[in-house]
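A.B. asks: With the hints as constraints, model all of the structure from the sequences given.
If you read the sequence shown in the numbering used here, its first letter stands for residue 356, the second for the next number, and so on.
Since the hints were made in silico from the structure, they are not lab data. In this text, all values refer to a predicted model and were calculated from it rather than measured experimentally. All residues carry an ideal CB built from backbone N, CA and C; glycine is no exception. Check each hint, because a few of them may be wrong.
What the hints assert, rightly or not - What follows is a list of derived Cβ distance ranges for each label pair: (1) Leu393 to Gly367: 13 to 23 Å; (2) Ala365 to Val390: 33 to 43 Å; (3) Ile368 to Lys413: 21 to 31 Å; (4) Ile376 to Ile399: 14 to 24 Å; (5) Asp380 to Ala419: 38 to 48 Å; (6) Lys418 to Ala391: 41 to 51 Å; (7) Gly402 to Leu378: 20 to 30 Å; (8) Lys422 to Trp366: 30 to 40 Å; (9) Glu415 to Asp383: 39 to 49 Å; (10) Arg381 to Ser417: 43 to 53 Å; (11) Lys418 to Leu364: 19 to 29 Å; (12) Leu370 to Lys405: 13 to 23 Å.
Stated by the list, open to error - Quick list of in silico lysine-lysine cross-link-like pairs, DSBU-like style, CA-CA up to 35 Å: (13) Lys422 to Lys411; (14) Lys418 to Lys405; (15) Lys422 to Lys405.
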Amino acid sequence: MAKKHRDALAWGIILIVIGLIFLLDRFDVDVWDFVARLWPVGLIIWGAWKLYFGLKEKKEESKALDKKQE
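C.D. replies: Structure, rendered in structure tokens:
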């Protein structure tokens, strides 16, 4: 259930960011140039997010196996 919650949180953040980009564009803020230059930062954050939660999940599974074997 925790994974479902994280996925919903991630998609919520993504939708907020996309909405903010379009809102700023409507107010004639040149946000597309900023996004075009910094989109790799989004990939780095996404990768770090996946890595962190992947390692955390693996550690939790390992603990569950250890308890099961006892």
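A.B. asks: Of the numbered hints stated previously, which ones are contradicted by the structure, given in increasing order?
C.D. replies: Violated hint (a single one): 2; every other hint is consistent with the structure.
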